[in-house]
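Engineer: Sequence:
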Amino acid sequence: MKRLILVSLSGLVVAGIYFGLLKWRDPVENTLAPSPEVLGVPTSEKGVVIEIGERKFLAFYLEVTDASNITLIPNFDQAKNAFDLFAYQDCAGVLSGGFYTPEGTPTGLFISGGETLKKYTSSSFLNGVYSINDFETPRIGKAVPRDHLRLGLQAGPVLIENSFAQNLSILRDEEARRVVVGVTGENKTVFIVFYDPESAFIGPMLEDMPRALELFGEKTGVELADAMNLDGGSASAFFTADIALSESSLVGSFFCAK
Numbered sequence: 001m002k003r004l005i006l007v008s009l010s011g012l013v014v015a016g017i018y019f020g021l022l023k024w025r026d027p028v029e030n031t032l033a034p035s036p037e038v039l040g041v042p043t044s045e046k047g048v049v050i051e052i053g054e055r056k057f058l059a060f061y062l063e064v065t066d067a068s069n070i071t072l073i074p075n076f077d078q079a080k081n082a083f084d085l086f087a088y089q090d091c092a093g094v095l096s097g098g099f100y101t102p103e104g105t106p107t108g109l110f111i112s113g114g115e116t117l118k119k120y121t122s123s124s125f126l127n128g129v130y131s132i133n134d135f136e137t138p139r140i141g142k143a144v145p146r147d148h149l150r151l152g153l154q155a156g157p158v159l160i161e162n163s164f165a166q167n168l169s170i171l172r173d174e175e176a177r178r179v180v181v182g183v184t185g186e187n188k189t190v191f192i193v194f195y196d197p198e199s200a201f202i203g204p205m206l207e208d209m210p211r212a213l214e215l216f217g218e219k220t221g222v223e224l225a226d227a228m229n230l231d232g233g234s235a236s237a238f239f240t241a242d243i244a245l246s247e248s249s250l251v252g253s254f255f256c257a258k
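Number 258 marks the last residue of the sequence shown (the numbering used here); no jumps.
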């Protein structure tokens, strides 16, 4: 009987040590296993249906009233992914940013936290600049504002300018998931993703995006004064409480909206 009691006590001690180690394990190691939603599948059937010709796409959006809640995170050499940023960085939304070169550098103006990583580059395609100044005023235009910027990203093309949809003619255009940033007349920033619900990395042709935004505005009541295209396709991601669309290749930068 005494031996049985000793064996039982030993078992309790071992179990206590085991569960104690589990409890004190580094939380970083407890990486959340990606669910099917993170592999490019939406988390719900919500969304705005956008019909272009015979094609139907879904649009999800995140509206940010206070631009001070928006940061731009460079990711050219750190290879962070949108899922981890959304899970661990206290972001209400994580959205892919601008384009990058094969050498892993920004293709145009890139300002993060007031620091300029690259200056503006003249381009007929990447002809838009999304910026936020020290007064937390978001803007989209075809020139770099002259006041000091804490955030600036050159991408494009510009899809809406001064509330007018632009006419685009794109060589070698293709269907791909599209991510857009827009600014309303009330200085709200709106991030939008358009994609095919049957194949999440597919979306509208780029030259159809101005029309897609017009339809989006009609259905949601969100009126964009200016809007520009961001990086899309496999190098795009869009995470909010309503949608989880991951990237399949490196994303050069992310927006984090608190």
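In case anyone wonders, no lab produced these hints; they're calculated from the structure. Heads up, the beta-carbon is just placed ideally off N, CA and C, and yes, glycines get one too. Among the hints, a few may not be true.
Claimed, not checked - The calculated BS3-like cross-link candidates involving lysine-lysine, where the alpha carbons are at most 27 Å apart (straight line), are:
id	residue 1	residue 2
1	K219	K56
2	K80	K219
3	K219	K46
4	K46	K142
5	K56	K80
Said to hold, decoys possible - Using C-beta positions, here's what the derived DEER-type ranges look like:
id	residue 1	residue 2	range
6	A241	S122	18 to 24 Å
7	T121	S249	32 to 38 Å
8	E115	D66	18 to 24 Å
9	S124	S234	30 to 36 Å
10	V144	D173	25 to 31 Å
11	E223	A143	19 to 25 Å
12	V144	S234	15 to 21 Å
13	R55	D242	18 to 24 Å
14	S169	L117	27 to 33 Å
Engineer: Confirm or reject each hint.
Structural biologist: Outcome of the hint check:
A distance of roughly 14 Å separates the Cα atoms of K219 and K56; the hinted pair therefore holds under the 27 Å criterion. For the proposed pair K80 and K219, the alpha carbon gap of about 34 Å is over 27 Å, so the pair is violated. The straight-line distance between the Cα atoms of K219 and K46 is roughly 14 Å, inside the 27 Å bound, and the hint therefore holds. The suggested pairing of K46 with K142 is violated, with an alpha-carbon distance near 33 Å, which exceeds 27 Å.
For the hint linking K56 to K80, the alpha-carbon distance of about 32 Å lies beyond 27 Å, and the restraint is violated. At roughly 39 Å, the beta-carbon separation of A241 and S122 lies outside the given 18 to 24 Å, and the hint is violated. Roughly 22 Å separates the CB atoms of T121 and S249, a value that falls outside the hinted 32 to 38 Å. At about 22 Å, the CB distance of E115 to D66 agrees with the hint of 18 to 24 Å.
At roughly 24 Å, the beta-carbon separation of S124 and S234 lies outside the given 30 to 36 Å, and the hint is violated. Taken as a hint, the range 25 to 31 Å holds for the pair V144 and D173, whose Cβ atoms sit roughly 27 Å apart. Checking the proposed 19 to 25 Å range against E223 and A143 shows it holds: the Cβ atoms sit about 23 Å from each other. Against the hinted window of 15 to 21 Å, the Cβ-Cβ separation of V144 and S234 comes to about 29 Å, which falls outside the hint.
Range check, R55 to D242: about 22 Å between beta-carbon atoms, so the 18 to 24 Å window is met. Here the CB-CB span from S169 to L117 is close to 31 Å, well matched to the stated 27 to 33 Å.
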